[in-house]
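So the protein lines, in turn, are chains A and B. Counted from 1, the first sequence has number 33 at position 33 by our numbering; the numbering is strictly sequential. Counted from 1, the second sequence has number 11 at position 11 by our numbering; the numbering is strictly sequential.
Incorrect hints may appear among the rest.
Stated by the list, open to error - Looking from chain A toward chain B, a few residues come up when the C-beta cut is under 7 Å (computed): (1) S32; (2) E43; (3) T102.
Simulated from the structure, these hints should not be mistaken for lab results. Idealized CB from N, CA, C, for every residue including glycine.
Residues per chain, in single letters:
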Amino acid sequence: RKEVEQDPGPFNVPEGATVAFNCTYSNSASQSFFWYRQDCRKEPKLLMSVYSSGNEDGRFTAQLNRASQYISLLIRDSKLSDSATYLCVVGQTGANNLFFGTGTRLTVIP
Amino acid sequence: DAGITQSPRHKVTETGTPVTLRCHQTENHRYMYWYRQDPGHGLRLIHYSYGVKDTDKGEVSDGYSVSRSKTEDFLLTLESATSSQTSVYFCAISAGEAQYFGPGTRLTVT
Numbered sequence: 001r002k003e004v005e006q007d008p009g010p011f012n013v014p015e016g017a018t019v020a021f022n023c024t025y026s027n028s029a030s031q032s033f034f035w036y037r038q039d040c041r042k043e044p045k046l047l048m049s050v051y052s053s054g055n056e057d058g059r060f061t062a063q064l065n066r067a068s069q070y071i072s073l074l075i076r077d078s079k080l081s082d083s084a085t086y087l088c089v090v091g092q093t094g095a096n097n098l099f100f101g102t103g104t105r106l107t108v109i110p
Numbered sequence: 001d002a003g004i005t006q007s008p009r010h011k012v013t014e015t016g017t018p019v020t021l022r023c024h025q026t027e028n029h030r031y032m033y034w035y036r037q038d039p040g041h042g043l044r045l046i047h048y049s050y051g052v053k054d055t056d057k058g059e060v061s062d063g064y065s066v067s068r069s070k071t072e073d074f075l076l077t078l079e080s081a082t083s084s085q086t087s088v089y090f091c092a093i094s095a096g097e098a099q100y101f102g103p104g105t106r107l108t109v110t
C-alpha cells in the first residue's frame, strides 16, 4: 500500500470554478502535511503546510482529518495560472522522512 | 528561492558509464536530499545527508552513492548507469519541516 494516495485526475475546470483535491495517507503516526505545486518540467514548490485546525491562504484552503487520515485542498475562483500538478506530501519525523503522492493534475480552461 | 542549483541540468549517457550529479546550496542548510521522479511514482528518496560526511540511504538507494565533503555540495553518483536510472533527479534541502527543491537534472541512459 502506498504511503500517500491521490486521485491523478486530470481535473479540467473552467476559470472561476471551485475545485477540490483529496489525499489519503496510510501511517497514522504522520505529523506534518503539505501541498506542493509542480509545473510541467519544473521542480515542486511548497504551496502550503496543512495544520490540524485547517488553514487558508488567499484562494487556497487546506484541511486535515486525522481520524480519517485524509487531507484536502480547495481552490476557489480558479485562475489559468493555477494549472499545474498538485502533490500531497506527508511527513513522519521532522523533514527527514517525507512521502509524496503522485500528484493530481489540474487544468483551468478559459 | 532556496538557493539551490543542480548541474548538469540535462545529461545523456550510455549504459555502464559512471555519472555524477551535483547539488549546490548557498544557505548553509544541514539536511540535503536526492530524489528521483518517474511517471506513476511520487518523488522517491534515494539518499540524504544530515551533515558533512553524514549520509544515509533512502527508499531507492540501490545503484547510487553519495558524498558530502562540504556543507554546500551534495553529490549523487551512479557508478554504472542503467536504463532504469533514466529519470528526473531533484535535490532538496530542509528548512523547518518542509523541503525545498532544486531545478532538477534530466538524465537519460541509452
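So which hints don't hold here, by number, going up?
none
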